[in-house]
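J.: Those protein sequences? They're chains A and B, same order as listed.
Each residue of the first sequence is one higher than the one before, starting from 609 at the first, in the numbering used here.
Each residue of the second sequence is one higher than the one before, starting from 441 at the first, in the numbering used here.
Read the hints as simulated data drawn from the structure, not as lab findings.
Keep in mind it's a predicted model, so treat the numbers as computed, not measured.
Hints may be right or wrong, so weigh each one.
What the hints assert, rightly or not - Capping the alpha-carbon separation at 20 Å, the derived lysine to any residue pairs in SDA-like fashion look like this:
1) K514(B) x L855(A)
2) K833(A) x L443(B)
3) K651(A) x M441(B)
4) K704(A) x T491(B)
5) K691(A) x N678(B)
6) K769(A) x K514(B)
7) K689(A) x N678(B)
8) K833(A) x L737(B)
9) K689(A) x K514(B)
10) K718(A) x I791(A)
11) K691(A) x L443(B)
12) K769(A) x I727(B)
13) K833(A) x I816(A)
14) K833(A) x D551(B)
15) K719(A) x K731(A)
16) K754(A) x K651(A)
17) K763(A) x P735(B)
18) K689(A) x S451(B)
19) K786(A) x K689(A)
20) K514(B) x E740(A)
21) K691(A) x L737(B)
22) K814(A) x L641(A)
23) K689(A) x I791(A)
24) K769(A) x S740(B)
25) K769(A) x P742(B)
Listed below are the residues making up each chain.
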Amino acid sequence: MRYSMSANRIITIFKLMALCLVPLFIDNAYAELTANANHDQIKIDFFYHGSTIALGGVSDPKTDLIIKVSSQEGHQVMREKGKVGGFLWMNVGELKLEHVPAMYFIHSTKKIEDIITPEDMNKYVLGYSALERHVEMNPISNGEEKTKWFGEFVKFKEASKLYDTSSGNIEFTNKDGKQNYYILRQWPFQAPPGNYTVTVYAVKDKKITEIATKNILVEQVGLVKSLATMARSNGALYGIISILAALAAGFGVGIIFRKSGGAH
Amino acid sequence: MYLYLPVALTSINILIPIGLGLAVGLLSGLFGVGGGFLMTPLLIMCGIPSTVAAATDSNQIVAASTSGTYAHWKVGNVDFKMGLYLLAGGFLGGLLGVQGIKILRAMGNADFVIKITYVLMLGIVGVYMFFESLSSMRGKKSKSDAADKESTVGAFLKSLPLQTHFEKSGVTHSVLVPVTLGCLVGILAAIMGVGGGFLMVPIMFYLLRMPMHVIVGTSLFQILFTCIEVTFLQAYTNHTVDFTLAVLLLLGSTVGAQVGAVFGRKLKGEQLKILLAAIVLLVTVKIIFDLTLPPSLLLSEPGGH
Chain A
609 MRYSMSANRI
619 ITIFKLMALC
629 LVPLFIDNAY
639 AELTANANHD
649 QIKIDFFYHG
659 STIALGGVSD
669 PKTDLIIKVS
679 SQEGHQVMRE
689 KGKVGGFLWM
699 NVGELKLEHV
709 PAMYFIHSTK
719 KIEDIITPED
729 MNKYVLGYSA
739 LERHVEMNPI
749 SNGEEKTKWF
759 GEFVKFKEAS
769 KLYDTSSGNI
779 EFTNKDGKQN
789 YYILRQWPFQ
799 APPGNYTVTV
809 YAVKDKKITE
819 IATKNILVEQ
829 VGLVKSLATM
839 ARSNGALYGI
849 ISILAALAAG
859 FGVGIIFRKS
869 GGAH
Chain B
441 MYLYLPVALT
451 SINILIPIGL
461 GLAVGLLSGL
471 FGVGGGFLMT
481 PLLIMCGIPS
491 TVAAATDSNQ
501 IVAASTSGTY
511 AHWKVGNVDF
521 KMGLYLLAGG
531 FLGGLLGVQG
541 IKILRAMGNA
551 DFVIKITYVL
561 MLGIVGVYMF
571 FESLSSMRGK
581 KSKSDAADKE
591 STVGAFLKSL
601 PLQTHFEKSG
611 VTHSVLVPVT
621 LGCLVGILAA
631 IMGVGGGFLM
641 VPIMFYLLRM
651 PMHVIVGTSL
661 FQILFTCIEV
671 TFLQAYTNHT
681 VDFTLAVLLL
691 LGSTVGAQVG
701 AVFGRKLKGE
711 QLKILLAAIV
721 LLVTVKIIFD
731 LTLPPSLLLS
741 EPGGH
């Protein structure tokens with residue numbers, strides 16, 4: 609009887625030990641999603657001409673990935689061109705957009721529509737169609753008009769290199785039983801200073817199973833920052849300095865040319 | 441080599457603004473125009489936001505017109521008295537024009553009026569100047585012959601009170617004439633969002649009967665003060681002057697203005713006029729194409745044209 613009780617205790621201890629080991633095996637099967645970038649700060653100095661950013665991390669091999677890089681949402685006013693008198697193209701009005709990011713990149717392993725449900729696309733604002741539903745536009749009289757002008761807005765942003773979508777460009781490598789994902793992309797110099805967020809979504813069976821984020825700060829530094837701050841906060845002094853510099857340059861070049869005989 | 445522009449929030453190859461400045465400065469020194477009607481659209485094409493392009497262009501014109509005025513003043517081609525009267529009228533016209541734009545915007549058809557005014561003004565001035573210069577050159581008529589030709593308009597101008605002699609230009613006019621003409625150009629310039637040099641130069645020649653070389657120097661002198669005012673107002677109220685971009689532009693434009701002034705003295709008045717007319721007509725044709733061909737993008741940022 610005593611032996612039987614000891615055996616039961618030993619079995620229970622083994623069971624408890626086995627239970628403790630389960631998460632280790634699960635961890636190997638479902639690696640926790642991570643999001644990293646080679647820069648978490650992009651500094652804008654006089655020689656800044658955009659940057660290249662490497663985004664990567666660890667993901668579960670059985671999942672698809674969607675990577676969204678976007679700025680904070682805000683308000684934007686655009687001018688609409690239209691036909692006047694049947695043949696003249698000119699500005700005919702303003703289009704106001706709310707909850708719209710200044711920059712919006714989406715990269716996915718497959719086409720977004722094929723890997724997640726429309727509900728999740730809308731919930732997490734993934735893809736241009738979801739962004740169109742998310743953004744408020746004014747004045748717009750119907751859905752058809754909204755689609756037309758949102759399409760024009762995307763064309764404008766893509767031409768400015770601030771909006772972009774792609775699928776199938778995320779690369780994967782396997783190391784130590786884990787899967788690493790990786791994508792290299794250009795960070796456009798047109799992207800204004802501010803806070804940007806990289807959000808990585810792991811998708812399995814059309815459901816988002818994990819989300820990881822990484823923040824990137826883009827800021828002006830040094831003389832670029834001083835000039836931009838002065839232009840914004842001390843416009844009068846900035847204006848006077850700009851005028852004086854222009855006058856000095858004009859006279860300076862005039863005197864140089866006169867001395868060198870150019871003006872004769 | 442690229443340089444980042446702190447106010448425009450974009451990066452640009454420095455050879456582009458220096459080259460543009462050189463080309464437009466050359467025109468400025470040659471013809472006495474600020475060149476805003478050329479420079480602002482070119483900067484927008486290079487990715488500069490339209491509000492920054494217009495404001496910064498004013499800043500660089502301050503440098504180019506200082507350089508040009510200095511070059512012309514040194515050889516006695518600036519009529520300061522005439523310039524100041526035109527300037528006084530221009531300031532008044534600018535104020536009236538800004539109010540006019542507000543009314544047009546409230547009525548909702550500002551852009552239509554601006555575009556049509558632009559095309560008509562450029563077209564009429566360009567065509568008239570081109571054919572008049574052509575017929576003068578063919579008929580071997582000298583500038584002074586044309587200037588001496590009396591007309592009904594000339595007789596009317598002479599009948600006005602407050603007549604005064606403008607020694608440098610060698611003409612006598614009522615003070616009211618340059619002030620009123622300056623005012624009219626100021627109104628149109630404010631409506632069109634340009635400096636108005638391309639309107640002022642023909643007005644000085646055909647209505648004020650000034651010699652072409654004095655016109656160029658005097659026009660630059662007037663443009664200098666107009667652009668100082670515009671630069672300050674843009675920097676103070678809209679914060680849209682990009683000093684870095686202005687420096688790159690003026691590196692080219694100040695040199696271009698000097699070279700233009702040298703070339704200008706080697707050309708005859710008629711040759712200068714026909715060249716300016718050809719440029720004005722080319723710009724008119726470009727604007728007509730822009731107005732009639734479907735644009736690639738139907739949305740743009742606010743500001744500019």
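J.: Taking the hints in turn, state whether each one holds.
T.: Consistency of the hints with the structure:
1. With a CA separation close to 16 Å, the supplied pair K514(B) and L855(A) stays within the 20 Å bound.
2. With a CA separation close to 14 Å, the supplied pair K833(A) and L443(B) stays within the 20 Å bound.
3. A hinted pair counts as satisfied when its Cα atoms are at most 20 Å apart, and K651(A) with M441(B) qualifies at roughly 18 Å.
4. Between the alpha carbons of K704(A) and T491(B) the distance comes to roughly 18 Å, so the proposed pair stays at or under 20 Å and holds.
5. A C-alpha spacing of about 30 Å is found between K691(A) and N678(B), which places the hinted pair above 20 Å, so the restraint is violated.
6. For the proposed pair K769(A) and K514(B), the alpha carbon gap of about 49 Å is over 20 Å, so the pair is violated.
7. Of the pairs offered as hints, the one joining K689(A) and N678(B) is violated, with about 24 Å between alpha carbons and a cut-off of 20 Å exceeded.
8. A hinted pair counts as satisfied when its Cα atoms are at most 20 Å apart, and K833(A) with L737(B) does not qualify at roughly 32 Å.
9. Pair hint K689(A) plus K514(B) does not hold up; C-alpha atoms about 48 Å apart against a cutoff of 20 Å.
10. Of the supplied pair hints, the one linking K718(A) and I791(A) holds, its CA atoms being roughly 14 Å apart against a limit of 20 Å.
11. With a C-alpha separation of about 38 Å, the suggested pairing of K691(A) with L443(B) is violated against the 20 Å cut-off.
12. At roughly 27 Å between alpha-carbon atoms, K769(A) and I727(B) are farther apart than 20 Å, so this suggested pair is violated.
13. A threshold of 20 Å between alpha carbons decides the hint, and for K833(A) with I816(A) the separation of about 40 Å lies outside it, so the pair is violated.
14. With a C-alpha separation of about 35 Å, the suggested pairing of K833(A) with D551(B) is violated against the 20 Å cut-off.
15. Note on K719(A) and K731(A): the hinted pairing holds, with a Cα-Cα distance of about 17 Å set against a maximum of 20 Å.
16. Of the pairs offered as hints, the one joining K754(A) and K651(A) is violated, with about 37 Å between alpha carbons and a cut-off of 20 Å exceeded.
17. Distance restraint check for K763(A) and P735(B): the Cα-Cα separation of roughly 12 Å lies within the 20 Å cut-off, and the hinted pair is therefore satisfied.
18. Under the criterion of a C-alpha separation no larger than 20 Å, the hint pairing K689(A) with S451(B) is inconsistent with the structure, at around 27 Å.
19. Distance restraint check for K786(A) and K689(A): the Cα-Cα separation of roughly 52 Å exceeds the 20 Å cut-off, and the hinted pair is therefore not satisfied.
20. Of the supplied pair hints, the one linking K514(B) and E740(A) is violated, its CA atoms being roughly 62 Å apart against a limit of 20 Å.
21. Between the alpha carbons of K691(A) and L737(B) the distance comes to roughly 13 Å, so the proposed pair stays at or under 20 Å and holds.
22. Straight-line distance between C-alpha atoms of K814(A) and L641(A) comes to about 17 Å, which keeps the hinted pair within the 20 Å bound.
23. Only pairs whose Cα atoms come within 20 Å are accepted, and K689(A) paired with I791(A) is rejected, the gap being roughly 37 Å.
24. Between K769(A) and S740(B) the CA atoms are separated by roughly 14 Å; this keeps the pair inside 20 Å, and the hint holds.
25. Straight-line distance between C-alpha atoms of K769(A) and P742(B) comes to about 19 Å, which keeps the hinted pair within the 20 Å bound.
Violated hints, in rising order: 5, 6, 7, 8, 9, 11, 12, 13, 14, 16, 18, 19, 20, 23; the structure is consistent with all others.
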